[in-house]
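Student: Build the full structure now, drawing on both the sequences and the hints.
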Amino acid sequence: MPEPSLRGRPWVDRRSVLRLLGVATLGLVAGCRSGKQRAALASVPGSTTPGSRSPQPPATSAPGANTSATPTSPKPTASPLSPDQLVAQRVAAAEQALLAAYDAVAVAHPELVGRLAPFRADHSAHLQGLVPGASPSTTATSSMASSSTAPATSLALPGTIAPSTNASALSPPTSAQIFQQLAEVERSAAAARVSDVASTSGSLARLIASIGGCEAAHAALLAVAT
Amino acid sequence: MSDVVSAVLAAAAAENAAVYGYSVAGARLATNRDKNAARAAYDAHRAQVQTLTQWLASLATAPVPPAPVYRLPGPVADNATARALLAAIEESTAAAYADVVAVATAELQHDAALYLQAAAIREAQWRTTPVPFPGLVGRLPG
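Chains as they are written, first to last, in this note's numbering: chain A, 1 to 226; chain B, 1 to 142.
Honestly, the hints are just simulated from the structure, not real lab data. Small disclaimer: the values here were computed from a predicted structure and weren't measured. Each residue gets a CB set at the ideal place from its N, CA and C atoms; glycine is no exception. None of the hints are false.
Here are a few chain A residues that face chain B, going by a calculated C-beta distance under 8 Å:
(1) Phe119
(2) Ala125
(3) Ala190
(4) Ala205
(5) Ala216
(6) Leu221
Tutor: Spelled out as structure tokens, the structure:
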């Protein structure tokens, strides 16, 4: 009798080079990637039900697709967006805001940039996964002016760690305190991803759920960092 | 067999494999802190087996019993190989829940997304570094 396999999947490093400059294009092609993702499906390690895999439904077949309500659409465009595209846009905007949060810390505490780089890189990868070709809408390391952009202010960190002209008047936060506050931000993001998944299916649901998993893991790692 | 039943059966199998893997690797961990974490994770996976059994019951499907032994990706000889195995186990369970998220709806999908997060947290803790797409490793776009 063959033993079920516990073998893990091959490791793929997604930390691509950060795109620090440029304007988000929000290419709205998330629904087009489902085919590629399906093709890469592997059997679940440890499965004892060979041959039980079935084709995944397309990512664009979200329930309620016939309703045209677009409460979360940031900006109406000439071509109507599918429900999946709207969700992908919403999550992409959240990832932009997370990037801005890390950038705000980087400005105020450049000594932490190296330690936070892997976390920031993950959000950059999330953004790319959701909207291929997108780049962060704020300049990363020179985001002193980031307060003038929507993504940066929508998830601004508490004033103790955000860049501030009178921050020096307060006792500077410890690195542990900064990590703790970023952990809170990541925890909130992870919870939001669970809600985001609800209106999706297929490869987009899988992608958003995975992003939420990453954010939950970020929160756990940051919460114990000192 | 429906997509949902297939995915939940696969998740149950992944959880059974995880229970086995933790029983093998837990003793090889170097510190008491890690051993305690592994014990807690072992308990969590056992609880997940029960949860998935209930899910399958709600889908009118009988659970598949665990295998007596599972093939490990490599020998578990020391702390490093034990941690690597546990990280791979968590990636496997995260992937199984990602598959459930892809095909399920409502409460089942919601809970699967939460269980994916729990697995992703444990995976990152064994690796000590974050993973950009837990549960999608090996099927990433691009």
